[in-house]
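K.L.:
Sequence:
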Amino acid sequence: MITRHTVGNALVLHASERISTEARTVALSVDRDPDNDIVILDLQHELPFDIWDTVATELRRQRLRRGIRLVVCGARPETGALAGQWLSDRLGRPVIAPFGRMIPGAAGLLFVHATDLGGWVCYRRGHTPVWQSKRYPVPAWDGAAVDHLTISSTCAAEPLPGGVWLRESRDEAAVAVHGSHLTSTMPCLPDAMPVLVGCPGTAPLRLDEIARFWRGLAPEGREHARFVQYGPVALPDGEQFGQALADLLRSPVRVFTGVPSGRPDGPAMFTVDADGRPGWQVFAEELAYRPRETLGAKAVTPRILRHRAPPELGEPVGPRVYQYAHDAVVEVIPSGLWLRAPEPPRHADRIRAVPMDPNRVRLVVDDPAPAAADRHRELAGDLAARLDPATRRRAAVQPSSLVAPGRPGLSARGIEAGTYRHTTGHAADLLPAPSVPAPVPEPVPVAVAGPPAPSTGEVAATVPAVAGPAALPETTLPDGSGLPGPGAEATGPHGAGPDVAGLHVAGPSVVGSEAAGLPGAGLSVVGSEAAGLHVAGPGVAGLDGIGPDADPPDADPPEAAARDVAGPVPGGGAGWATSPTMTLPVHRPAPAPVRFQRTPGDDARGVRPGPDLDEERTWFRRAFRREIAAVSADVADVLAAHPALAGGADAVEYATAVRLYLSAAGDGLDQALRSAEPGGHVPFARCVSAGVRRLPVHRGVAYAGAGLTTADLRRIAQRRVLTDWGFTNALAEPPADLPGTVEVLIWSATARRTAAFETGDGVPARVLFLPGTAFTVLQVQEPEAGAPARLLLRELAVEEPPVDGRVRFDALALAALRQHLVRRTGPGTPVPAAAARRFTGVPGLR
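The opening position of the sequence shown corresponds to residue 185 in my numbering, with each subsequent residue numbered one higher.
Honestly, I wouldn't trust all of these hints.
[Claimed, not checked] With a Cα cut of at most 16 Å, we get these calculated EDC-like pairs of lysine to aspartate or glutamate:
1. Lys482 / Asp431
2. Lys482 / Glu423
3. Lys482 / Asp533
4. Lys482 / Asp421
Note that these hints are calculated values from the structure, not bench results.
Source: prediction; values computed, not measured.
With these hints in hand, go ahead and build the complete structure from the sequences.
P.N.:
Structure (structure tokens):
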């Protein structure tokens, strides 16, 4: 007995009680045939002898007037051909049946394959069977991808439901796995024939094998061919896949940048990983390459023929260009997305010619000017966070100066390190003052004029004076006395200068807002009558002839117990390059009396000029191999959640260095850097610095604590600039219980937030200033009844004007800090006791 049901676009005839899964799947997915009725025979079990007469009778009852497209499920491949001819003779209507094994493809495609010209065959009573197509629905290129062809002794061309596959012919296991995946996932596009080249995990295909296939391809196949690099291909060094094909074939070629998937009328294109798994969904889906005019000539930038634009990009304003913000657009490029100004720069073709990385989608940030670079980077981070999760995990925000090196703009070193210029607008927002010029946040180290500094094991000796800025005019105090400039001779046993009761001034007195050139009337910046207040500016050059970055002769060296990390103690100098060891002192607060840091030589600095950190990375991998393995999974999760941190092949190593520094492994690193001695701590610090530069910027108030006496505060007040050669740890939120007697408040311009890499017992509010950051002393307030002692600092930036020209910036930052103190409420954020010691200390002190 035969039962009939209409399922989807098909009439299903089945002999069992229920329709099989195979027949139901085909019926629900197959497209309607405009010329024929689709009939599915579900023959899953042993059949009665009169089954065919019953089928013919049932079809007569349906009063079908058109031809029949017959699909047979659950029977041998030859059953379809026999049933097609028999039913055509009995019903007197044309029957199209499969000759060979029918293979259901993606999106309802029915593909018929056999050794000898398998396909859909039309049977008519009294006529010879006629081959019609290989696929149903029939694409325009169907006849060009029919037979299995041997291209060479190691290469074959295999027809697929959705295209053609040029692949290695010797590794049958790999071919079977990937072939099954392509059959079930790649749709049949009506007007484009994907030609997949290569097979993941097998030997690379040679270009001459592709050329041999192309020469045998029918004209309709060439017209519709779209090459896809699916596996390894032997390409000339530095050559793109599409350009190599165009030059080889001496003909324009079209390339899909990914493998199609989904529906044929709107396929999604995904890149392919080395193991054949889908990568990220491409934005530029189809590219056109033209051959070079002559050998060795410059290649023409590939043209994007088809692309996708998710709604997050904004409204279209030009070809492949979308308005993302009022001052920025997003352009679709082959390698990903390009966030730039509305007008394309002169080097636009270089950005558009950057090849696609199958493992990473590039979010290129244009950096024509420092201010624009910072703005574009912010927008790119926002865009990355709005993309779909699969794309977001593989996104990498990269500056255009790195993507297209050699063009005008910021240096590759500066952009890779994340050193964008900044403005003091955050401070100005708190004041009724106009905007100010944007200084650059990278600190300028102070050069030491004289012999190398002594080691930490030696008793501090007299150090030659430090070469400082040009001499400044003398400053008149309220009592008529004056403070000498940096070059003046110090007075008193320690060169302390004139003693003013409760007031220590080391620079021009600023009384009221008009003195700083600010229009805000009634704003008291630094009043000369404020008792207990110390305003810092140009001051005494040093104590007993010692420069501002040297220690006083009566200061004893700290007693630092050493802790071995990853092996024995290395030798001095540059021995770290061959010895993966490091010795760090035990972390302890700065001793009393205060001792100012010495300026280290280039081989002892925690930030290395230039982007090349190959030696440091090699050392880091050797010295911390166990620690790297222990935190690798956590670091990978962080990078996946924060695509802006994942740019470049070295991102994992730098991120791991940051994670280790924030853990117990980093205790003592700052003291080692502040000793101005070379050693194994230097390459570790440089890797940490490279990772910290990629973190988000914190602009505004940062907090720390210190245990200082009144005498210490007065010595600090005499300083013009404090330079910290270690990492300065601070908090972006007011702390609740930091140890110490002095509140340290810093106006930050480039500190980096570490929340992404903090562990469960870490400090999410932590911010880090890079080694070598300089701070100007704005105000020192001695303790009073009911008010703690305070030290107010401002981070200095590179290329700031001389001291006289900084008065405006200092006034803005000082006023912002004072207003913040007035507005501050609440108990503050608790800091774990184990981590509190890193936030106790003053930048520039040892």
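K.L.:
None of the hints should be skipped; say for each whether it holds.
P.N.:
Verification of the hints:
1. Distance check on the hinted pair: Lys482 and Asp431 sit about 12 Å apart at the alpha-carbon level, within 16 Å; holds.
2. Only pairs whose Cα atoms come within 16 Å are accepted, and Lys482 paired with Glu423 is accepted, the gap being roughly 12 Å.
3. Between the alpha carbons of Lys482 and Asp533 the distance comes to roughly 12 Å, so the proposed pair stays at or under 16 Å and holds.
4. Of the supplied pair hints, the one linking Lys482 and Asp421 holds, its CA atoms being roughly 15 Å apart against a limit of 16 Å.
In this structure, every one of the numbered hints holds.
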